[in-house]
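Student: Listed here are the chains, written in short residue letters.
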Amino acid sequence: MTHKTIKVDGLSRVEGEGALLVRVRDGRITDLKLRIYEPPRFFEGLLRGRAFTEPPDLTARICGICPVAYQMSACQALESACGVEVTGPLRDLRLLLYFGEWIESHALHMFLLHAPDFLGYPSGVAMAADHRELVERGLFLKKAGNDLLAAVGGRAIHPINVRLGGFHRAPTRRELDEVAEKLRRARDIALDTVSLVAGFDFPDVEYDYRFLALRHPSEYAILSGSPVASDGLTFEPAQWPEHVVEEQVPHSTALHATLDGEPAYLVGPLARYALNAGKLSPLAREAARAAGLGDVCRNPFRSIVVRAVETLHACDEALRIIDGYAEPDAPFVPVEPRPAVGHGVSEAPRGTLYHRYRVDEQGLIAEADIVPPTAQNQARIERDLRELLSPRLDLPREELTHLAEWAIRNHDPCISCSAHFLDLRVEPDDDGRTAPTTAPTTAS
Amino acid sequence: MSATAAAARPVVICLGNDLRGDDGVALEVARLLRPRLPPHADLVESDGDPTAVIEAWTGRPLAVVVDAVVSAAAPGTVHHRTDLNVPASPRRSSHSLGLAEAVALGRALNRLPAALSFYGIEAADLTPGAPLTPPARAAAAQVADAIARALAAP
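Just so you know, the protein sequences line up as chains R and W, in that order. Using the numbering used here, you'd call the opening residue of the first sequence number 1 and step up by one each time. Using the numbering used here, you'd call the opening residue of the second sequence number 1001 and step up by one each time.
Please note that a few of the clues may not be correct.
Listed next, with one range per pair, are the computed distances between beta-carbon atoms [said to hold, decoys possible]: (1) W/Asp1042 with R/Asp31: 48 to 56 Å; (2) R/Arg184 with W/Arg1107: 26 to 34 Å; (3) W/His1079 with R/Arg61: 24 to 32 Å.
Far from chain R by the CB rule (all over 10 Å, computed), these chain W residues [stated by the list, open to error]: (4) Ala1008; (5) Leu1043; (6) Thr1051; (7) Ala1052; (8) Glu1055; (9) Leu1062; (10) Gly1076; (11) Thr1077; (12) Val1078; (13) Glu1101; (14) Ala1104; (15) Ala1108; (16) Ala1124; (17) Thr1133; (18) Ala1138; (19) Ala1150.
Keep in mind the hints are simulated off the structure, nothing from the lab. Virtual Cβ for every residue (Gly too), placed ideally from N, Cα, C.
Please work from the sequences and hints to get the whole structure.
Tutor: Written as structure tokens, this is what we have:
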């Protein structure tokens, strides 16, 4: 009998701290855990007692990459509690802000974090030496997204212009026109990117995913919609707690979510594409067709192609909104507190993000609940790894490690991007042979 | 993309996070320096996103970069160097790379400033929510003064 333990310690460059542990006995995986050991931050607890106007700015601090997602889910949940719906030009501005986040987040992941896996480099920096033009394109796309965020949100990271009911100040036509100039070039780059990444070599795997994403009657859902699953389950945001339940697992400080009692469903680009591809902009839809994505993509390594398609869609739709933009009469609609519960769901770059708040008679937050995409995907990522690694356990250690890191990164969880900096420990097996051991990295 | 009218001007880039104690020391430098900044120079505050740093220094004749550092030196020690061998960031950060990676990426993309002057201020306390420590605050004043004098020199 032989067994070995593969430990991938200290996932760095991550939104949170995590590690991968794989135990193998007699050629079979007996245990596999994506461990998230970042100390819990108790955001839901610290929101209690705060004014009902504060969660959009406070929860934005949960993530430096997708603060808009937190702001939008929070705003919609609280507006729903207060009986307000933001529509028309103000909703368009929210879409614009969100598209900016999708563009910068997807560009960062595709070009600097994921592409090196396909092109055989240990990092985006190393890749840049040989693929300068490619990285320049990625930086331009990211900058275009950041500029859109800054034009609508006041600044690119943790935007400060969002408030319940809309914005503190609406951007001027001229401010958006300046961004549009850059977005037109970004759209061309995004279009080229779809065909570029579609030409990468992909490991030949497909998984039987149960997808969950928002669906909107007329949009490729990003800001709002009803949750739908690939098995036909459909429900309204207010019914989320009846269907999605988070539970603790001993090896992770992030909760694991189940959908109607079943773990390991998937949110994110593959889910959105599978459930909503028909609502992509015509240009993005055609690019997806030309890239051979089909109606549904079940190969997680090809998620980079879906991200490229979504980036193209975001550029295209942002330009459409800017073309038709007229400055609203007022930058926000009034939102008055009332004792009620509100639910808000939107599509963060990494997947569906749910917020629920109970507002009390004084207009203070009495309860808060936040279900981020990474908590929902964590169990599914473990299953991906199990299915991917099981038939490949004879691969050399380095190759196996890289494949595991790559597979984690496929879903761009907020613990994905660090995998380039991971160390792997293989502990001695039963027959006494000692495999190479390296210490975990400390910092980067 | 980088050829703008501003590109011929030197730039001071202050990196940090005000919410993490002495990690915000370079932003204190920026606050002290802004009223004394010569009209021919620019000042940029950044959280350290390397793409933003590269954007800020591309095509510049001189980039003065200020950041908090952690080494074995005494708190408030000012490290100054004018080569491009910037030490790796001591912090593990979310999705982001450090200044050393920004230099490496800028070099790979041929987007480095013509000259780089780096001030690293030794941090004592990086606790979230902590105020600047007295040594860091004193060092910030010293660095702001040094940069203002250097930029004002003919």
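Student: Would you assess whether W/Ala1052, listed as outside the interface, keeps its beta-carbon beyond 10 Å of every beta-carbon in chain R?
Tutor: violated, 8 Å
Student: Just want to verify: W/Leu1062 was marked as not at the interface with chain R; is every Cβ pair farther apart than 10 Å?
Tutor: holds, 22 Å
Student: Measuring Cβ to Cβ, find out whether W/Leu1043 lies farther than 10 Å from everything in chain R.
Tutor: Label holds. Min Cβ-Cβ 16 Å, cutoff 10 Å.
Student: When you look at the beta carbon of W/Thr1051, is every beta carbon of chain R farther off than 10 Å?
Tutor: violated, 5 Å
Student: Minimum C-beta separation from W/Gly1076 to chain R exceeding 10 Å: can you confirm that?
Tutor: holds, 21 Å
Student: Run the C-beta distances from W/Glu1055 to all of chain R and say if the shortest one exceeds 10 Å.
Tutor: Its Cβ does come within 10 Å of chain R, the nearest being 6 Å, so this is violated.
Student: Confirm or reject: W/Thr1133 is not an interface residue toward chain R, with every Cβ-Cβ distance exceeding 10 Å.
Tutor: It holds; W/Thr1133 is separated from chain R by about 21 Å at its closest Cβ, greater than 10 Å.
Student: With 10 Å as the threshold, tell me whether W/Thr1077 passes as away from chain R on beta-carbon distances.
Tutor: holds, 19 Å
Student: Given a hinted range of 24 to 32 Å, is it respected by the beta-carbon distance of W/His1079 and R/Arg61?
Tutor: This hint holds: roughly 30 Å between Cβ atoms.
Student: Would W/Ala1138 pass as off the interface with chain R, using Cβ distances and a cut of 10 Å?
Tutor: holds, 26 Å
Student: Regarding the assertion that W/Ala1108 does not contact chain R, is the least Cβ-Cβ distance greater than 10 Å?
Tutor: violated, 4 Å
Student: Beyond 10 Å on every Cβ pair: is that true for W/Ala1104 relative to chain R?
Tutor: It is violated; W/Ala1104 is separated from chain R by about 5 Å at its closest Cβ, not greater than 10 Å.
Hints 6, 7, 8, 13, 14, 15 from the earlier list are contradicted by this structure; the remaining hints agree with it.
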